[in-house]
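Asker: Chains as they are written, first to last, in the working numbering: chain A, 1 to 179; chain B, 1001 to 1239.
Hint data in this document are derived by calculation from the structure and do not stem from the laboratory. These numbers were taken from a predicted model, which means no experiment stands behind them. There's no promise every hint is true.
[Claimed, not checked] Residues from chain B that face chain A, not an exhaustive set, calculated with beta carbons under 7 Å:
1. A1027
2. G1028
3. V1058
4. T1062
5. A1063
6. Q1109
7. T1123
8. F1125
9. P1130
10. P1224
Glycine is no exception: its CB is placed at the ideal position from the N, C-alpha and C atoms.
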Amino acid sequence: MAEKPRVATVSLCGCFGCHMSLLDIDERILDLVDLVTFDRTPLTDIKTLGDCDLGLIEGGVANAENVEVLLEFRRRCKVLVAFGACAVNGGIPAMRNQFSLAECLRESYCDGIGVHNPGIPNDPEIPLLLNQVHPIHEVVAIDYVLPGCPPSADTIWTFLTEFLEGKPIAFSYTQIHFD
Amino acid sequence: MSKTFKLDGREIPFETGQTIMDAALAAGVYIPHLCHNPELAPHGSCRVCLVDIGERQVSACTAAASEGMEVDSSSETIQATRRAILQMLFVEGNHVCPACEKSGACQLQAVAYYTGMLAPHFTHFFPRRPVDASHPDVVIDFNRCILCELCVRASRDHDGKRVFAISGRGLESHLVIDSPSGLLGDSCFAAADKAAHVCPTGAILPKGRGYETPIGERLYDREPISIVGDVRAHEEEVV
Ligand code: SF4
Ligand code: SF4
Ligand code: FES
Chain A
1 MAEKPRVATV SLCGCFGCHM SLLDIDERIL DLVDLVTFDR TPLTDIKTLG DCDLGLIEGG
61 VANAENVEVL LEFRRRCKVL VAFGACAVNG GIPAMRNQFS LAECLRESYC DGIGVHNPGI
121 PNDPEIPLLL NQVHPIHEVV AIDYVLPGCP PSADTIWTFL TEFLEGKPIA FSYTQIHFD
Chain B
1001 MSKTFKLDGR EIPFETGQTI MDAALAAGVY IPHLCHNPEL APHGSCRVCL VDIGERQVSA
1061 CTAAASEGME VDSSSETIQA TRRAILQMLF VEGNHVCPAC EKSGACQLQA VAYYTGMLAP
1121 HFTHFFPRRP VDASHPDVVI DFNRCILCEL CVRASRDHDG KRVFAISGRG LESHLVIDSP
1181 SGLLGDSCFA AADKAAHVCP TGAILPKGRG YETPIGERLY DREPISIVGD VRAHEEEVV
């Protein structure tokens, strides 16, 4: 028997809502486990990425580590999917693009209400922030989009089943949402 | 006998002087549109109502209907062009639908769904634009303005006030407000003005009413705009 398709998922600058929505497919996850092998994903807690057939990227690109992880996903995954609003257009995190990075850092760590011990963190372990949050297609080529904040479980299920069956992806009207 | 033209193979009656859009609306046939509102003079700026008449593409809201013409409004080429136009509208502003009160009852979003647009696709401009909350009853979020001039036309031609205008050219084009400070709160604008009720996006919104209808029950959640129609026709239910 041919090996099952390998699927990896990751959350860049997102809220993990898209992964929660993936879990919302409920008992269908048992079918999914039969159909695919999960590689790196928060669901398996595997930290390194192998060669995969499908990569789902939640979240936009906000820091240097996001760029690195995204590039690695592009190298290792045959098919890459912008999974949810932040990956598609930057989403809520991209609302910081209205301000300079200095303004954001000052507000968060120095001047904001309730800040104690003001001071901008400066530890080499912390990935450097980019000036702006970017949707993933501005950094790598993507193959599919799953809109929604988050995409509904049914939208995700439609995508996964049609993709795995090699069918063209077709969403019904109610499965397309930008929010 | 009335005159007719063909729209996607269907005979549409029209009177002399009617546009393709007027006749289609009267016949109950949907042609997507954003800057058109039958109560105001056509503007022809958004180009979303693009249709094919033979070799040419024209905006249905400004092109006159003529006897025997064959209009194509549903080919994949037309839909793809509309999609590209919508994608450009999305990346030129800042449309964060999950954080927008108008989401689910927004005509820009609904027309995007109708054309099968899944993502804005192009590189985002992420322009820096202000929000004007100076008026006691109405807020303007310039991030969501698509420069359709519906508020400009409503204020000028209906309210007799000229509160709004478009200033600047090309990328610099933006909506301006006629008041000493440039703020809406200092203008003669009132919540009862027609201009407060024509915006197809979430750029002009009443204060104190946001997120009233739960997700899943909003205007365009269940049925497409081609069936439900423009948001202005549903204002009482949705705002
Ligand atoms: S105005 Fe419409 S398209 Fe723009 S953010 Fe609001 S819901 Fe989305
Ligand atoms: S504020 Fe609304 S009605 Fe006025 S030009 Fe902008 S999008 Fe059109
Ligand atoms: S509706 Fe015709 S150009 Fe905007």
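Asker: Against the structure, test the hints numbered earlier, and report the numbers of the ones violated in rising order.
Answerer: 1, 2, 3, 4, 5, 8, 9
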